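Listed in order, the protein sequences are those of chains Y and U. If you count the first sequence from 1, you need to add 431 to reach our numbering. If you count the second sequence from 1, you need to add 431 to reach our numbering.
It should be emphasised that the hints constitute simulated quantities derived from the structure, not laboratory data. Don't take every hint at face value.
[Claimed, not checked] What follows is a list of derived Cβ distance ranges for each label pair:
no.	chain 1	residue 1	chain 2	residue 2	range
1	U	555	Y	477	34 to 42 Å
2	Y	619	U	464	33 to 41 Å
3	Y	571	U	577	55 to 63 Å
4	U	634	Y	605	38 to 46 Å
5	U	580	Y	599	23 to 31 Å
Quick caveat: nothing in here was measured; it's all calculated off a predicted structure. Even glycine gets a Cβ: it sits at the ideal position worked out from N, Cα and C.
There are 2 protein chains.
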Amino acid sequence: MKIVTVSREFGSGGRELGKRVADRLGWAYYDREIITAIAEKSDMDEAYVARLLEQGVKSHYPLTFRHTFSYGAMAQQNTTRILIAQHKVMQELAARGEDCVIVGRGADVLLKEHNPMNLFVYADLEARMQRCRERAEAGEQLTDRELERKIKQVDNGRAKYRQLLTGAPWGRKESYHLCVNTTGQDIKALSGWIEGYVRYWFGGDGQ
Amino acid sequence: MKIVTVSREFGSGGRELGKRVADRLGWAYYDREIITAIAEKSDMDEAYVARLLEQGVKSHYPLTFRHTFSYGAMAQQNTTRILIAQHKVMQELAARGEDCVIVGRGADVLLKEHNPMNLFVYADLEARMQRCRERAEAGEQLTDRELERKIKQVDNGRAKYRQLLTGAPWGRKESYHLCVNTTGQDIKALSGWIEGYVRYWFGGDGQ
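So that you can see chain Y by itself, here it is in the shape it has in the complex (with noise of 0.2 Å):
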């Protein structure tokens, strides 16, 4: 079996590009997937748990939970119930035996007794929000400081929540086999490099 997974900042494109490679190879994809995987084990609200995984823990903000709200202690105990899931999730994943790329949720951090290889996507903080706004949903109109602070918020949530899963920072290049800068780069393009290199790492036959 043979795991791709790719983490990346907000706005780098990670998640395209992941999905590009996955198709290219003609591999398993999941990313939303696993989440909604986890919100049923877990058996709690997929939004809810979707924020939570997006936004990190912040034990002392109100979170929507089954439509009511709950604080500290509460979300703590979901926070623990949804790590647990998803390891779960993620070993049945492993259990499959299929070829996968995994976009985010901790994947190369969970399945690491898999050896799979760890991609991590960036770019420099102008390309990432040109590449929101040219994705943002109509009706979405941030200012750039607005902007600006959601792409920050959302990177420091997926730091904390590294942080909370493995101990050690995230982003970090020592924790990946390849960082790629997305500046300026055509994701499809790129694509078939990636590619290629993920068929040299699990069979040599990328020359």
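Given the coordinates of chain Y, assemble chain U onto it according to the supplied hints.
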């Protein structure tokens, strides 16, 4: 003109990787040659220049200069002369208009206006120690502790030199287009894939 710069942690195999990529591409390769040219330009002892570039500036440490000793202010002056000379050498290289791979020497910064592709090569400390051992010259028998200290010293020197040159930290992934972890990798096999990336980068024909 296409320029690839290679920055690397000591013992990561970055130098070998740069040389192999240059050979595969049929491009010029610069490393020690640059030091020689700089030494000629600045009318300094080559070993001195090499050591200064490798170890960074230690202004309170005695340094050999034309076989005499100099301290503080003189070392500072020499550093300035070397930086100016290095800048000139880089400009001359660029003026040749050759496609080339340049390892170290701050080329990514000094040649920024020529839009080089900037590669950073790194590895786990253990892997770097192993590589150093394999390449140790006869008679160079360091304990693990001494070797670890040496690796950290060289990296620290490179970091200081870069700081001096650019005011920016060394080894942060944000400064590079691609960061490759060579831990457990075969440099020769890896070079084929990096060649592909360079071709993709400059011409989009690496697919």
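Comparing the hints with the structure gives:
no., hint, verdict
1, U/555 with Y/477: 34 to 42 Å, "holds (38 Å)"
2, Y/619 with U/464: 33 to 41 Å, "holds (39 Å)"
3, Y/571 with U/577: 55 to 63 Å, "holds (57 Å)"
4, U/634 with Y/605: 38 to 46 Å, "violated (31 Å)"
5, U/580 with Y/599: 23 to 31 Å, "holds (24 Å)"
Checked against the numbered hints above, the structure violates only hint 4.
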